[in-house]
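S.K.: Work the whole structure out from these sequences, hints included.
For reference, each letter of the sequence shown is one residue, going 1 to 182 in the working numbering.
Treat the hints as calculated values from the structure; they're not laboratory data.
Heads up, a few of these hints could be off.
With a cut-off of at most 25 Å between alpha-carbon atoms, the simulated DSS-like pairs for lysine-lysine come out as follows [to be verified]:
#, residue 1, residue 2
1, K124, K98
2, K59, K158
3, K26, K2
4, K158, K17
5, K17, K59
6, K149, K123
7, K123, K158
8, K147, K176
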Amino acid sequence: MKTYISILRGINVSGQKLIKMEALRKMYENMGFQNVITYVQSGNIIFSANEEEPNILAKTISDQIQLVFSFDVPLLVLTIDQLEQIINDNPFANNTDKLSSHLYVTFLSSAPDYSVKSIIENKKQSDEEIHFFHHAIYLYCPTGYGKTKLNNNFLESKLNVVATTRNWQTTNELLKLAREIG
1 MKTYISILRG
11 INVSGQKLIK
21 MEALRKMYEN
31 MGFQNVITYV
41 QSGNIIFSAN
51 EEEPNILAKT
61 ISDQIQLVFS
71 FDVPLLVLTI
81 DQLEQIINDN
91 PFANNTDKLS
101 SHLYVTFLSS
111 APDYSVKSII
121 ENKKQSDEEI
131 HFFHHAIYLY
141 CPTGYGKTKL
151 NNNFLESKLN
161 VVATTRNWQT
171 TNELLKLARE
181 IG
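M.R.: And the structure:
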């Protein structure tokens, strides 16, 4: 069995697409996944599965959420190695001038066509910073993620991929939990 991290987009936000983590954990277990752990209410699940392809897992889980909870939830599934690579490649992480509480990672479902980079960069506020990577976008938002225009909806509309964002602490905690069961 291999350990995976699934990151759901848009659940339990502003009273929309409400899913209790206990119900989500049970759904994963009923699908035959093992070592299922949820982390915070925003749809972060670590689990073990026999399937080797993250995209197949993402589709299977998404279909099951539709069946069980009756709404569509985009999600991404990452391996421990993929998450570790994304964390290691964050250009802002070791910069002592940047508060880690202002760091965010926008996870992307696939490597996008970054030909629209300049359009995205022009949308950032003067104190924000953005860095593009294969399957992630790193954001430094000193006024908070809630105030940035570089949100999931904007990035998805420009890049034509599923995007979901986590703060730096959550991102690192997911890796820690995955390593513990992996």
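S.K.: Decide, hint by hint, whether the structure agrees.
M.R.: To see whether the hints hold, each was checked on the structure:
1. K124 to K98: holds, 17 Å
2. K59 to K158: With Cα atoms ~23 Å apart, K59 and K158 stay inside 25 Å; holds.
3. K26 to K2: Measuring from Cα to Cα gives roughly 19 Å; hence the hint holds.
4. K158 to K17: Given that 25 Å is the threshold and the Cα spacing comes to 24 Å, the pair holds.
5. K17 to K59: With a Cα-Cα distance of about 18 Å, the restraint between K17 and K59 holds, given a limit of 25 Å.
6. K149 to K123: holds, 6 Å
7. K123 to K158: holds, 11 Å
8. K147 to K176: With Cα atoms ~28 Å apart, K147 and K176 exceed 25 Å; violated.
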